[in-house]
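Student: On the provided structure of chain A, position chain B as indicated by the hints.
There are 2 protein chains.
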Amino acid sequence: MKLDDLVLEAAQLPQKTIAVAAADDDKVLEVIEEALKRKLASFLLFGKEQRIKSLLDDPSVVNDDVEIIDTTGPEQSAHLAVKAVHEGKADLVMKGMVSTSVILKAVLNKDYGLRTGRILSHVAVFEIPFFDRFLFITDSAMNVSPSLEQKVDIVINAVEVAHKIGYPVPKVAPITAVEVVNPDMAATMDAAVLTQMNRRGQIKNCLIDGPLALDNAISFEAARYKGLESDVAGRADILLVPTVEVGNILYKSLVYFANASVGGFIAGAKAPIILTSRTDSTNNKLYSIAMALHSLKSETEAQNNYLVSH
Amino acid sequence: MKLDDLVLEAAQLPQKTIAVAAADDDKVLEVIEEALKRKLASFLLFGKEQRIKSLLDDPSVVNDDVEIIDTTGPEQSAHLAVKAVHEGKADLVMKGMVSTSVILKAVLNKDYGLRTGRILSHVAVFEIPFFDRFLFITDSAMNVSPSLEQKVDIVINAVEVAHKIGYPVPKVAPITAVEVVNPDMAATMDAAVLTQMNRRGQIKNCLIDGPLALDNAISFEAARYKGLESDVAGRADILLVPTVEVGNILYKSLVYFANASVGGFIAGAKAPIILTSRTDSTNNKLYSIAMALHSLKSETEAQNNYLVSH
Numbered sequence: 001m002k003l004d005d006l007v008l009e010a011a012q013l014p015q016k017t018i019a020v021a022a023a024d025d026d027k028v029l030e031v032i033e034e035a036l037k038r039k040l041a042s043f044l045l046f047g048k049e050q051r052i053k054s055l056l057d058d059p060s061v062v063n064d065d066v067e068i069i070d071t072t073g074p075e076q077s078a079h080l081a082v083k084a085v086h087e088g089k090a091d092l093v094m095k096g097m098v099s100t101s102v103i104l105k106a107v108l109n110k111d112y113g114l115r116t117g118r119i120l121s122h123v124a125v126f127e128i129p130f131f132d133r134f135l136f137i138t139d140s141a142m143n144v145s146p147s148l149e150q151k152v153d154i155v156i157n158a159v160e161v162a163h164k165i166g167y168p169v170p171k172v173a174p175i176t177a178v179e180v181v182n183p184d185m186a187a188t189m190d191a192a193v194l195t196q197m198n199r200r201g202q203i204k205n206c207l208i209d210g211p212l213a214l215d216n217a218i219s220f221e222a223a224r225y226k227g228l229e230s231d232v233a234g235r236a237d238i239l240l241v242p243t244v245e246v247g248n249i250l251y252k253s254l255v256y257f258a259n260a261s262v263g264g265f266i267a268g269a270k271a272p273i274i275l276t277s278r279t280d281s282t283n284n285k286l287y288s289i290a291m292a293l294h295s296l297k298s299e300t301e302a303q304n305n306y307l308v309s310h
Numbered sequence: 001m002k003l004d005d006l007v008l009e010a011a012q013l014p015q016k017t018i019a020v021a022a023a024d025d026d027k028v029l030e031v032i033e034e035a036l037k038r039k040l041a042s043f044l045l046f047g048k049e050q051r052i053k054s055l056l057d058d059p060s061v062v063n064d065d066v067e068i069i070d071t072t073g074p075e076q077s078a079h080l081a082v083k084a085v086h087e088g089k090a091d092l093v094m095k096g097m098v099s100t101s102v103i104l105k106a107v108l109n110k111d112y113g114l115r116t117g118r119i120l121s122h123v124a125v126f127e128i129p130f131f132d133r134f135l136f137i138t139d140s141a142m143n144v145s146p147s148l149e150q151k152v153d154i155v156i157n158a159v160e161v162a163h164k165i166g167y168p169v170p171k172v173a174p175i176t177a178v179e180v181v182n183p184d185m186a187a188t189m190d191a192a193v194l195t196q197m198n199r200r201g202q203i204k205n206c207l208i209d210g211p212l213a214l215d216n217a218i219s220f221e222a223a224r225y226k227g228l229e230s231d232v233a234g235r236a237d238i239l240l241v242p243t244v245e246v247g248n249i250l251y252k253s254l255v256y257f258a259n260a261s262v263g264g265f266i267a268g269a270k271a272p273i274i275l276t277s278r279t280d281s282t283n284n285k286l287y288s289i290a291m292a293l294h295s296l297k298s299e300t301e302a303q304n305n306y307l308v309s310h
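Protein chains in written order, with the working numbering: chain A, 1 to 310; chain B, 1 to 310.
Chain A with its partners taken away, still in its complex shape (with noise of 0.2 Å):
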């Protein structure tokens, strides 16, 4: 499967509502004005109402599929997007001009916040030249030193994300330096009980498989060559990284130095929570919303998926 094909069957699934906090700017409108043109999703714009008009490429594309929310401002439009999720009038949250923590604030409110009893984490899913299969990985951007609690959401909703895209069982690798349990490296022993809380039916719906190494989480040859007994060696779906930096760095060098594509968002609240940067690509940003929408799929459709990609 390919991130293409992900926007291509986001398409056809029921149409969603987005709610864009901060839609006056050039970037976010870009990204809106395509996933227009591919019938992706209904959009509520808050902003600037004058200069979100004045920035469309094609005004035209404000129809029944778009509605300009006038706002006084980037914090205005942050609380009224999420308000709108909260209220059922938009069923995700994209973010556009304004901060990621005054988003984040909005979401985490109280009264018309979009709060679970789980914590909130990115997951995002990488399309790599040459390698053979999508590679989520989590968290790269929201939990900067996660303890082992965290870590279990952070497990828990990523393979819900997995789930909806097609992947019944999706096969989950803790990676830290080396594939055996060293207690100098606590990241190691956080992963080897990640793995026998998944024996114990403590995290369901995956097979978690650590502490690996990088290599050995994705290669066959490299676990083969270890000696590992594990059904997830060699062919983990969901990398799931010991901290924020590693996250980030692997990010980074999959976007930059392998030429990855990639579609990301935060999972863990009631709706998913688009967080595009201005540097990401339009290609980067469609996927990101096609995965946030595939993500809001009824348990029918996800079991359809699974028909058709399996």
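Hints listed in this document are in silico derivations from the structure and should not be mistaken for laboratory results. Treat the hints loosely; a few may be bogus.
One copy or two, either will do: identical chains are not told apart, so a pair holds if it fits within one copy or between any two.
Stated by the list, open to error - Cut-off 25 Å, straight-line C-alpha distance, at most; resulting in silico cross-link-like pairs (SDA-like, lysine to any residue):
#1 K27 - L104
#2 K53 - E127
#3 K2 - F130
#4 K226 - E75
Tutor: Only chain B this time, still in chain A's reference frame:
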């Protein structure tokens, strides 16, 4: 410059001798035979003499440039190889079929070892397809979670290697998940401190500027987008990683996903220590040998190199 050029240039340097600990292994002998063909060095091969002789593809390589020293096993091989360097009979140590911990134990031995005042650290140089220059990464193998003081040594070790390979004043980027100081991320504070130590002349012969994220350390466009005023951003030669996890995973990401070539060795001892692994390609092993040989250049040889390369 290419890593293949480093190999060609290494063959032109005054001949050095490599003491190989536990050379009685087909993969180890494969790279030694290749190095001999390219006239990179002379060798002292420690190991089971009969086994070494029987494993050689071309027994005629055992000539004036090769001496085999029969040993009782890997531990004695490591002991004697390190001792040979200590006694001036060889110039570098190379790991054969013996565990890294056994070699390092010998290197750190107080009587015949190779300690200096500095810590040992791994220095790797990458040639990445479609990236226009070498990228040094340190430390991706030795120090799990280095302290600030250890990071100073790690930088000095890498700067000395880069100097001998043709970088009079290498640009050093301490990379983290972000390019701003964040008290919740200790590595960003270490990065800022290292930068200021460099400006105060406490770390010489290089230009340090951090924290930087991977993208703005290596891409001008990403650096410009963040408005970074820096002589290092966008053009870093050396990436200092915060932990072995970051280094190891970045290293493997470059090799497995970006198809990068790499050479590396342990610096900081009285002599370079080459630690190749069975899964490394023969080329990467040769690059490691070449890089270690370059690090033994005299100051005059290094200066001549600047005239040629720059």
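Student: Now tell me if each hint is right for this structure.
Tutor: Against the structure, the hints come out as follows:
1. For a Cα distance limit of 25 Å, the shortest separation of K27 from L104 inside one copy, 21 Å, qualifies, whereas the shortest one across copies, 53 Å, does not.
2. Taking the closest pair of Cα atoms, K53 and E127 never come within 25 Å of each other, the shortest separation being 34 Å inside a single copy and 47 Å across copies.
3. Taking CA atoms no more than 25 Å apart as the test, K2 paired with F130 passes in both settings, with 12 Å inside one copy and 23 Å between copies.
4. In this homomeric assembly, K226 and E75 come within 25 Å of each other (Cα to Cα) only across copies, at 22 Å, whereas the closest approach inside a single copy is 52 Å.
When held up to the earlier numbered hints, the structure conflicts with hint 2 and nothing else.
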